[in-house]
Every structure is written in C-alpha cells, then in structure tokens.
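Visitor: For this one, chain S is given, so just place chain H on it according to the hints.
Chain order of the listed sequences is S and H. Counting with this note's numbering, you get residues 1 to 207 for the letters of the first sequence. Counting with this note's numbering, you get residues 1001 to 1303 for the letters of the second sequence.
In case anyone wonders, no lab produced these hints; they're calculated from the structure. Since the model is a prediction, treat every value here as computed from it, not as a measurement. All residues carry an ideal CB built from backbone N, CA and C; glycine is no exception. None of the hints are false.
Using 16 Å as the maximum straight-line C-alpha spacing, the simulated EDC-like pairs for lysine to aspartate or glutamate come out as follows:
1) S:K101 <-> S:D173
2) H:K1152 <-> S:D134
3) S:K108 <-> S:E155
4) H:K1152 <-> S:E138
5) S:K28 <-> S:D86
6) H:K1157 <-> S:D134
7) S:K122 <-> S:E24
8) H:K1157 <-> S:E13
9) H:K1059 <-> H:E1243
10) S:K140 <-> S:D196
11) S:K110 <-> S:D173
12) S:K28 <-> S:E48
Over 12 Å on every C-beta distance to chain H, these chain S residues come out as not near it, computed from the model:
13) V53
14) N117
15) Y175
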Amino acid sequence: MSFLKDFLQGGEEGIFRMCNRIVELAIKANAEAAKLDKDITKIHEIEENSDKVVFEIANLITSGGIAPNLIDDMLALIDKEDGIVDAIYNFSREYARYSLKDAKAEAKVKEAIVKMNAFADKALQLLHKMQSSDSIIEVKKLRSEIELIEEQGDEVKDALFDYAYAQEKDFKDFYHTFEIAHLLDDVLDNCEDSADMYLTILSSLIS
Amino acid sequence: MLVILLALFFVLIALVSGNNLSACTGAIIGSRITSKRMGIAIAIAGFVAGLALEGTFLKRGINALMPVENNLLLSEAFAIAIAIFLLAHRFRVPLSLTIVFTGMLAGFGFGMGMNVNALFIALIAAFWIVVPLVSLFTMKPLLHYFTRKLRKGHLWKKVSQIKLWLVIISFFTSFTLGANTLGLLFASVPFSYWYKLATAALAIIIGSIFLSEGELRRLGNEIVSIRYLNALLSQAVSALEVEAATLLGVPLSNTQTFTASLYGVGYSYKARLMQRKPAYVIVSIWLASVLLSFLVAFMLAKL
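Chain S with its partners taken away, still in its complex shape (with noise of 0.2 Å):
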C-alpha cells in the first residue's frame, strides 16, 4: 500500500509545498532588510536557513519520487529561491558596508531601496501565493503579475543608474550606489526566474 500512498500524495506537491518554506525566510529577510540596520545578524542567520532548507529539499528531490526530467528544473528552481535570499543577504551587507558622504544622495538612495524592498515584498507573497495554488490558471497569473512587478523595479534601478552618473562622486560612492541598485534588482530577478521555473514545470506535469 505505501506505493499507493507515495504516488496519490504525489512527490511534487510535496516539494513545492516546502520550496515555500525558502520563500517565507525570503519574506522575512526582506522585511529585516527593509529596517535599514546596519546589524545584519538576523538576516545571516535567515540566509543561513534557506542554504540548510535547500540542502534539506535537493536531498528529497534527488533521492526521491520525482521524475529524472523534472529533477533538474526542480533543482534550478529552489536554486533560485535561495538567490533571492543570497541576493537580500549581498545587499544588507553591501548596504551596512558603506554610508553615503552626502545626506541627499543618502536620502536618494534609501528611497529607491524603500521602494525596491516594497515590491521584493509584494513579489514574494504572489510567489508564496503561487506554489500553494491549485490552478494553472492562477499561476499564469500571479506570473504575469510577478513579471509586472520586475518590470517596475527596472524602473527604480535604471532612475538609481541614472542618478548615480549624473552626481558628481568619488569612486566609492558611484560604486556603492551601483550596487545597491543591482542587488536589488536581483532580488526580483530571481523572484520572475522562480515564477517561471515554477510555471515550466507545473506545464510539464501535465502535457
């Protein structure tokens, strides 16, 4: 009977429903990342969750009932989640690392990060969202909803840009701002990536 059991519950559900587990540490780091505290501890140790929840899931995914064709995709997937944790973890320590010297490109910055870290956030929960549905139809939707989402951080990251060129800085402080802007912007990279992934292989399972 246990084989009945194992293919009725099926293996991938399982999967996603614990892939989502890295999603809520993303959630939660993001919400410790808004704070804009320069003692990152917290957020260290939430990265280091998602590494031992991955570590946790590619063990099952390899070792477990999934098919060989999905082993990959699936594994590029929790990848990904965890890139999105990495990527909130890069900016808390880049943003801790270095404080403007001039107040108003300061306040400039921690505007865009305010409203990077507003859409990281609305990102996160479509994506939680999406891997307990039970629909493809709602989950082409909150994908395009995510990539919606991407789209407007473009935005902020190109007006960072192009505010980082038109200031006349030292080196540190273009760098610093550059970086900033682009480890936000790969914390919703890896946000549409997962949704994606997450799509393709709910596609295959069924066609």
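Guide: Using the frame of chain S, we list chain H on its own:
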C-alpha cells in the same frame, strides 16, 4: 523432443518477458511513480494474467501460418528465435519476438508446402504496417486534447489521477503483451493448458527479474524524456492496438506499437530534441529480423 521443446519454450518466454518489460512498466519505473521492484511485479502479474485469460487466442494465427503441427520444426523455430534474441539482447536492442517468430512460422509453412492462409498473412502484414502509423499520428491530437482538458481544475488531483492511470495502463499493457506476444509462443506448443501455463509463469518471473535491465535503460532514457501524460497516452494507445490484434488472433509486436507511440509523442511538440539514431536502428532490425527469420526457416524446411 517434447522435453527439448519445453526447455526451449521456457527459455524463450523468459527472454521475451525480460526484453519487453521496459515497454510495459518502463514508464512508471523510469518516472519513479513506482519502485523498480513494484514495476517488475506489476509486469509479471500482467503477463501471467494475459497469458492465462487470452493466451490461446493466437492459435488462429498459428494455424494460418503453419497449419500442420510439427514438433521438430517448432523446436528449430524456438532455437533460432533464442539465438537471434540473445544477439539482440547483447546489443540491447528492443527486438520483437513476434516479428521473428511469425517470420519463422511463415517460412516453415511455405518451405514445407503447407496450405498457408495467405489472406491472414496479408492481414498480419497490414497490421504491422498500419498500426505503428496509427500510433505515430494519433498521439498529436490526443496529447493536445488532454493537455487542454487538464489545464482546468485542481492540478494536483489531476497529476495524481494521471499517475494512477499510468499504473493501471502499465498493467493492461503487460496483460496485452502476455496475451499476444507470449500467447503466440503459448498457443504454438502442444502441451496441456495448465502444464504450459505453470512453465510460462515461472519463466516470466525469472526473465522479468533477471533479463530486463538493458531495455529498461534504453527505452526510459535514450528515446524521449518521458512525461506522465506522454507515457500514459503512448501506453494506452499501444495496449489497445495489441488487444484489438489479440482478439482477431493477429500477432502484433508490442515494442513496435509502443515505440511508434513514443515517437508520435515526440513529434507532437513544436520544439523537440529527439535522437533519430535509435529509431533507425530499431526499424532496420525489425525489417532484417523478419526477412532473415523467414529465409532461415524456409531453407531449413527445404533441407
């Protein structure tokens, strides 16, 4: 002579079971729906059930090809089939016993100047050509229809249903293989029903456990990366075709129909990356094996 024939019957049943297991439960084993052990058990149960319930249906085909019972020729046919089969097994080609054995029976029939039923041979030939083509071309509309249907509703419930159906269809495929391919051998030997059923069941168990490894790898990995729905539809179409042939008493290769279905699945995608070489190898070996077995049997009968 009867003891030799029984031994040859045993060996050939074991070889065929091992060689064809991949076409029956390779998909559920390859996609990890069941463990390898469970997949083999499902195949064994299907082979034995098919043989027990419909194993005698192929008697009609045997009578048409070789109307006069001749234990010496039959033993030779079994021995040659085993030799050809071992060669194919060595190179891990999913060779069809049905094609080899039918070719040989026809060769003996013609060689001995028996009253061979030419109309029935034409029916067999038509089945062998038309049915793989049907497999090949029905997959695209079927796959598109089911994909559209499955997009609506509860996704995980549907995935579970597909998996459950895949197990059921794998059993049915094994059943049809037992009834047709193994039934062809079963119907050809002159022993009592229960005696040959017990012998065949034992041979099936041994063959399925010890001789299935190479073909499981080939069909599972080399031709196409099998998705659940692809596997389900290709198995279902293939099994229904073989069952229809069994009911008419026509020997039809399960490997032939299943491989054609798999290629049909591959060609139903707009973007596809498929290896053509295994297909050419398989088709060439099918053609060569029917001609070779017919000629060898024909010459032996003339000696």
